[in-house]
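A.B. asks: Could you build all of it, start to finish, from the sequences and the hints given here?
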Amino acid sequence: MRVNIIANSDTKEIFAEIHCTEVTAEVRRLESYIENFDGRIKGECDKEVSYVDIKDILYFESVDNKTFIYTEDKVLTAELRLYEIEKKLSERDFFRCSKSVVVNIGKIVKLKPEISRNIIATLDNGESVVISRRYVPELKRIIGAED
Numbered sequence: 116m117r118v119n120i121i122a123n124s125d126t127k128e129i130f131a132e133i134h135c136t137e138v139t140a141e142v143r144r145l146e147s148y149i150e151n152f153d154g155r156i157k158g159e160c161d162k163e164v165s166y167v168d169i170k171d172i173l174y175f176e177s178v179d180n181k182t183f184i185y186t187e188d189k190v191l192t193a194e195l196r197l198y199e200i201e202k203k204l205s206e207r208d209f210f211r212c213s214k215s216v217v218v219n220i221g222k223i224v225k226l227k228p229e230i231s232r233n234i235i236a237t238l239d240n241g242e243s244v245v246i247s248r249r250y251v252p253e254l255k256r257i258i259g260a261e262d
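Okay, so the sequence shown: first residue is 116 according to this note's numbering, each after it adds one.
You may find that some hints are simply not true.
[Said to hold, decoys possible] For lysine to any residue, the following SDA-like pairs were computed, each having C-alpha atoms within a straight-line distance of at most 20 Å:
#1 225 with 260
#2 203 with 165
#3 181 with 169
Bear in mind the hints are in silico, worked out from the structure with no lab data behind them.
C.D. replies: What follows is the structure, encoded as structure tokens:
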């Protein structure tokens, strides 16, 4: 892969173009990485807007048509809907684990199977989220533990 940087004083904003012979999964990952380069998500807490580093997010949860961002020490309201977050962060170690939760795979420290075929994921802060049995095959594919 070659990279060209062209400085132009007339350019109003930084933009990137990807030239390829075909759109592959690798090209899509590169596109997602570039789009999310700043690595932050906008959230609101107590009527104050904050930007949270993606690496600090434990999970997102949708409750009563509101999307919440959970970090180690705070909960914020996101302006994006859960499906938009899932799409935006799918290439960045985030995974839809139930109808209402998208979790940061990098924050999972333990997986415990349940009789119901759900999995309880313990995060690095000790909090737990349920991985619905519907999403277990995708999790196994992502972490390389397919049957």
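A.B. asks: Each hint: holds or not?
C.D. replies: Each hint tested on the structure:
With a C-alpha separation of about 14 Å, the suggested pair residue 225 and residue 260 falls inside the 20 Å cut-off, and the hint holds. For the hint linking residue 203 to residue 165, the alpha-carbon distance of about 18 Å falls within 20 Å, and the restraint holds. Between residue 181 and residue 169 the alpha-carbon distance is near 19 Å, which keeps this suggested pair within the 20 Å criterion.
Taken one by one, the earlier hints all hold for this structure without exception.
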